[in-house]
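2 protein chains.
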Amino acid sequence: MSVSIQDPLLPFLPLLYIAWADGVLEETEINFINKKINENKTIKPETKDMVCKWLNPQNPPSARVLAYWKNYIKQNADLLNPSEKSDLFSIGAQLAKKEDTEDWVNDETKESLHLIEDYLGIVSREALRSVYENDPVTSTYLPTENLSEKAYSKPLKALLQHGYPDIKSRVQSILDPHKEAIESYDDDLKTRKEKVLKWCKELANAGLGNLAYPPAYGGSGSMPKYAAVFEEVSKYDLSLTIKFGVHFGLFGGSVESLGTKIHHDKYLKDIGTMALPGCFAMTEMHHGSNVKALQTTAIYQPDDKTFIINTPSQYDRKTYIGNAGMHAQMATVFAQLIVNEEEHGIHAFLVPIRDSKGNTLDNITIGDNGHKMGLNGVDNGTLHFNSVKIPKENLLNKFGDVDEDGKYNSPISSSSKRFFTMLGTLVGGRLCVPIAGQSAAKKALNMAVYFALERKQFGPPGKEEQSVMDYPTHQKKLMPLIANVFAYDFAHDFLLNDYSNNKEADSQQVEALAAGLKALSTWNTTETIQICRESCGGKGYLSEMYFDLLKADTDIFTTFEGDNTVLLQLTAKSRLTYFKKQFGKMDWWDTLKYISSIASTNLSELNPLVTRDTSEDHLLSDDFQIDAFTYREEFSLRTLAMRLNKKIKNGMDSYDAFLDVQVHLIDMASAYIDRVVLERFIVTIDEQKDDSVKEVLTSLKNLYALHLIEKNKGWYLEHDYISGSKSLAINKLVAKLCKELKEESQQLVDAFDIPRHMTKTALKFY
Amino acid sequence: MSVSIQDPLLPFLPLLYIAWADGVLEETEINFINKKINENKTIKPETKDMVCKWLNPQNPPSARVLAYWKNYIKQNADLLNPSEKSDLFSIGAQLAKKEDTEDWVNDETKESLHLIEDYLGIVSREALRSVYENDPVTSTYLPTENLSEKAYSKPLKALLQHGYPDIKSRVQSILDPHKEAIESYDDDLKTRKEKVLKWCKELANAGLGNLAYPPAYGGSGSMPKYAAVFEEVSKYDLSLTIKFGVHFGLFGGSVESLGTKIHHDKYLKDIGTMALPGCFAMTEMHHGSNVKALQTTAIYQPDDKTFIINTPSQYDRKTYIGNAGMHAQMATVFAQLIVNEEEHGIHAFLVPIRDSKGNTLDNITIGDNGHKMGLNGVDNGTLHFNSVKIPKENLLNKFGDVDEDGKYNSPISSSSKRFFTMLGTLVGGRLCVPIAGQSAAKKALNMAVYFALERKQFGPPGKEEQSVMDYPTHQKKLMPLIANVFAYDFAHDFLLNDYSNNKEADSQQVEALAAGLKALSTWNTTETIQICRESCGGKGYLSEMYFDLLKADTDIFTTFEGDNTVLLQLTAKSRLTYFKKQFGKMDWWDTLKYISSIASTNLSELNPLVTRDTSEDHLLSDDFQIDAFTYREEFSLRTLAMRLNKKIKNGMDSYDAFLDVQVHLIDMASAYIDRVVLERFIVTIDEQKDDSVKEVLTSLKNLYALHLIEKNKGWYLEHDYISGSKSLAINKLVAKLCKELKEESQQLVDAFDIPRHMTKTALKFY
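Here the protein sequences come in this chain order: A and B. Sequence positions in the first sequence follow the UniProt record's numbering and run 1 to 766. Sequence positions in the second sequence follow the UniProt record's numbering and run 1 to 766.
Don't take every hint at face value.
It does not matter which identical chain is used: a pair holds within one copy or between any two.
[Claimed, not checked] With a Cα cut of at most 20 Å, we get these calculated PhoX-like pairs of lysine-lysine: (1) K97 to K179; (2) K292 to K463; (3) K573 to K593; (4) K157 to K261; (5) K74 to K198; (6) K292 to K456; (7) K736 to K647; (8) K477 to K305; (9) K581 to K593; (10) K476 to K711; (11) K711 to K477; (12) K269 to K35; (13) K456 to K269; (14) K53 to K41; (15) K198 to K269; (16) K292 to K649; (17) K392 to K407; (18) K398 to K36; (19) K44 to K195; (20) K41 to K198; (21) K35 to K110; (22) K195 to K292; (23) K647 to K732; (24) K732 to K292.
Note that these hints are calculated values from the structure, not bench results. Please read these numbers as outputs of a predicted model, since none were measured by experiment.
I would like the entire structure built from these sequences, with the hints used as guidance.
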């Protein structure tokens, strides 16, 4: 049986703890307490019995129970003001409040408790102080025997904070006070959206919205800092995350990246404080993934130097636009620029859509996207422009402009290159969405692991039931997901810094990585939350366990900021183009032939001894794992090039050829991303100074790599990269790693730093 | 570009269709129509322009456009009363209503249209009648060119109705009128639960609740009929399905199966009409899967021949009990029966919990499980019994009773066997849950396929965009899921009939199948809905596409009526026991040795020629597919037996040995279920008389089988069952089958018979 406390007893826990903390009580002391408790008419008879039972010297609490009480008091007292923390009654009242047993809280009880304190001769403030002292054995809240931190706990947690613990605790300090409102299901949609706006403004007021903007406009010029806010907010409310991201990241980001000084000076400060709420109007009813084919037009009017923004038909309305439904006053609108009847492709324009009082402006029709699967705290809407006139300077003109003489000019002559350059500046969103997904996955794993450690079911005949975490099937479900989350975390951090430090450099590789990593990482999020929910059984279905909103809110992550399947094709094409570019003016055919040949050279001859090597040392080595990942990547690249080559040679046009090999593009892109993620995991381990951290990360890296090889074993076996016996050895080793890492499961999810009140829910079986 | 109609034009569609249906208009006729339209002050100038443009003889609609108009009118007119169906104005008004352009609907327009009808010399009732005539080319509602049914359409649809088209249409006729209420998101939780109860009672009043009960009690003694209702209701609202299932299936089913004549006579009629709403109180806070360890007690009181039902601690409260939160008046409570201080294990008792006015009875505390991920139309609650007294006859005494002398007796002497016999009678729930899941999966596929056919995105340079269904990645996502749904459908039907026809026979095999099939089928549902949602992109995220509730409501299907992972272990253990039983008194060790030996004999020597045979004929043959499935099953069984054998031989106790091989138990059970599903698919094809049905089902069977072999290719390659080249050939063939079956995708989902108004939503891009 687990250690646990019956609800009605909770308010008396501080009293009981203090009573037993210093050893066995005198009979007179027990009698006094019993008397005071029994005299109190507001306490129910059953409760009195329970309290008295726990004061029986024949029945003292075990050391484990005492440690548990102490810890429980500490955790709950952490929610009190310092002045209340050392008062028996206040803490008891807090515990009562947490468990809905507040009938106990009254003046009579207050008096009883104070009398008891005095009688026991304990200066209560002093005695209770010991509860709050740092004690490694009891400082984490854990219901089962395992109450200790591990050597790696602190540095590992710090590692996942990516250098910004301060930013994270600022976010926590802003959102913690709202936790009840955040977790309420009572709001209607409109009220909820207003609340989300309010919280968003609080973050802005604390200077947490504009961190990515240049210091001259109130920011700190740091994308990683902005991402740290994004990650932390995601632990609380994903509608807030997305509203925050739409306004500061997409809208503000478009002004910063696509606009020039005139726009920065005029808008960035107000965007940073949210004085000017905005939205990002790209997607249309009939054009989502195919941005190039958007139908909204922006026709230049030389007479008065304006643009007319127009929605040609109902199918061309902007849709799913976050922040448009209720709050945005300005939209970055993507439209086909037409100057003197000539089309210049997609450009972005700032279009005011509401006045500062929130009234919709003339010739603009705003709709609401209605009830959604999730993110119902975000006001997604539709926008219809009926020949809306905007001044010339509202064109975000960094990559294309209309001059004073009404002539179009651009620093980038190729319209296709211009298009991709513009979209490329918006890669920040693709970096941030999966980071929000990671937070959701971490929260899900935190809940599932704490649940699995606490929940007991079945057991050997005649013995105690077992923790479900002891079941191999359960370990096999959860442990690889924990390893994945670490793997993607390091990859995101790497990419974020790379992007942040090399904004002006050739960004094609960053974009390709961002697109592919976003796809694999968000799919991992969806899978993780699903498996975690199932692993918590019926309790996982209750909204209090968060899986409800975690699932519903993140479900769209695989779609927005680029549909995952489309993104992986982008990644694959970009990989092919990368080779093409490296060799100047080669055409597609030559490039494909070239890739086939170099990849063949790189693909080492398979050594039958290695193919059959089933030793643990070999399987756990970086060399084997990297070689396996690289082999899959290069082989896919080569066969893809060969397939395309053959089709084009046979007269197929390149569009159809690429369509035909679509599934292989996805495979190749996935193999590429997998390899980068593993490499980054290894580099991260090398960078660690603490041996305990290195050790646990190495186990996680091994599990990440071998589990993925196991998942792709069909491919490896098809291509004779591993023998059947080696494949079986890998299956076995994965199970072994899962079992070993299970012992670290609590400490690993503790490193995710999920707010404690959430964890507590996982442990509450009413 | 797809054929489509601008919203404001919709009300004029009947007019336009009639104007063009008989050929080119005379100039005078056009002028008259233009004049009448222009004179009408209630029609907006833009709309007038559009209408006139469509009447221009230089710009006649193409045959395809005309067919589309006709079809569109027909579909919408189907919602009208017969008398309104042949009136231009009424149909136009209906179209206007569907598209929210109702400002058009007024007397002035009515007059204009009637004048136009008269002038054109068309007797409108006659002309419109042609719209409703059966025309194979236009009789299905389809937005793209493909407007035809296929030869197999009608018989295939009939096949999936499993012989009960009448029951299904009765359900539809009851629920269709509620469709707006069902699909509303405006209700608070309490209101919603009341509505669901109301619909449930409507089904009961129509005689659709008690179909499984014996005719003597108002039913028809047919489990398959009951399942048909269940399946059909699931297309509308899964909360209703579950509430219906809890009351009629679990509560009523427990009275029928565990009770005797006294209970049947007293309760079954009232249960059938829902005059006595009930619930099924098995799960407790601390015991879900481990039913045997339930803590609630039922202690016999010889003095007054009663039982005292008691909840020993807060952790032993009944929880997640559907119908308990608000509506049930009686509960079937599972509790440890104690007679004269002797425990006799779990038995079921009828405990009144509310009076007929809905007031909770004394000594019973009912809680609410709060907000859930889904199924929020079901009132799940907790039950706490504080020494509740019930008469002796409230024990459901079919398998265990207390006689007049206060002595326990049972027709089954082994308490373990008694326990499993009691649970076995409740297998109906495990048959029905996955059937509800299948309906959800069908609805999801219907939406995804219609969306994919209509949605266009990207395309060859300078050409029209392509339907996303033309993308190989999309085909690879959706088509295997369609094949799976057919496969599971036939398996469920088979099992349902088997169960229904052999209730009294040894039911172990049915139970093992039901448990395992429930697991694989509900996981398939979860996966199907997820992939369908993603395949519909942003639109899939809007609640109007149903994925929202489909996902949230079905998510618990993998947990309730048995956690899937636990169920598969049951299936596996039952398979092992099956062999044990066949040979009398063999002990576990001997059995395991025996299984190892017979399985080895059965496993044919692998023929290298077959292992490498990549011919299409071979891969598409039943023989190869069945052999592949059987090989995996028997090999898993043998290695499992060998593993267990070895562990037990080495002194491990059998509990630990089974724990160690948990993952292998799951694999073995899955392989067993997969083989049965494939066999049943083949039998179903053999039973068909219509060649076109045979043909399309054979393609689906091939896709089901080969896709599953592809999914398990790692295993097959590890065990040298197929060569690498054969595996690659299978991958290729799966892609080919997906591409071929894509051509049937619309007709295949049409066979699912999803209410048309749902399908329409998939085609609406605002």
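Next on the checklist: Within a copy, between copies, both or neither: which one fits K292 and K463 at a CA-CA cutoff of 20 Å?
Outcome noted: Close across copies (14 Å), not inside one copy (66 Å); limit 20 Å.
Item to check | Homo-oligomer pair classification [K198, K74; C-alpha up to 20 Å] | outcome: neither (32 Å within a copy, 49 Å between copies)
Item to check | Within, between, both or neither: K195, K292 at alpha-carbon 20 Å | outcome: neither (36 Å within a copy, 47 Å between copies)
Checklist entry - From the Cα coordinates, with 20 Å as the cut-off, is the pair K269 and K35 best called within, between, both, or neither? => result neither (66 Å within a copy, 57 Å between copies)
Item to check | Homomeric proximity label, K35 with K110: Cα distance no greater than 20 Å | outcome: within (15 Å within a copy, 88 Å between copies)
Next on the checklist: Treating 20 Å as the Cα threshold, decide for K157 and K261: within, between, both or neither.
Outcome noted: neither (40 Å within a copy, 64 Å between copies)
Checklist entry - For K732 vs K292, is the C-alpha pair at or below 20 Å within one copy, between two copies, both, or neither? => result Result: close neither inside a copy nor across copies, 49 Å intra and 33 Å inter.
Next on the checklist: My question is about K97 and K179: at a cut-off of 20 Å on alpha-carbon distance, are they close within one copy, between copies, both, or neither?
Outcome noted: Only inside one copy: K97 and K179 sit 15 Å apart there, 43 Å across copies, limit 20 Å.
Item to check | Within, between, both or neither, where K53 and K41 count as close if Cα-Cα is 20 Å or less | outcome: Intra 18 Å, inter 86 Å, cutoff 20 Å: intra-copy only.
Next on the checklist: If the cut is 20 Å between Cα atoms, do K647 and K732 qualify within a copy, between copies, both or neither?
Outcome noted: between (42 Å within a copy, 16 Å between copies)
Item to check | Intra/inter-copy verdict for K292 and K649 if alpha-carbon distance must be at most 20 Å | outcome: Intra 28 Å, inter 68 Å, cutoff 20 Å: neither.
Checklist entry - Is it within a copy, between copies, both, or neither that the alpha carbon of K456 lies no farther than 20 Å from that of K269? => result Result: close neither inside a copy nor across copies, 55 Å intra and 40 Å inter.
This entry does not satisfy hints 4, 5, 8, 12, 13, 16, 18, 19, 20, 22 and 24, going by the numbered hints stated previously.
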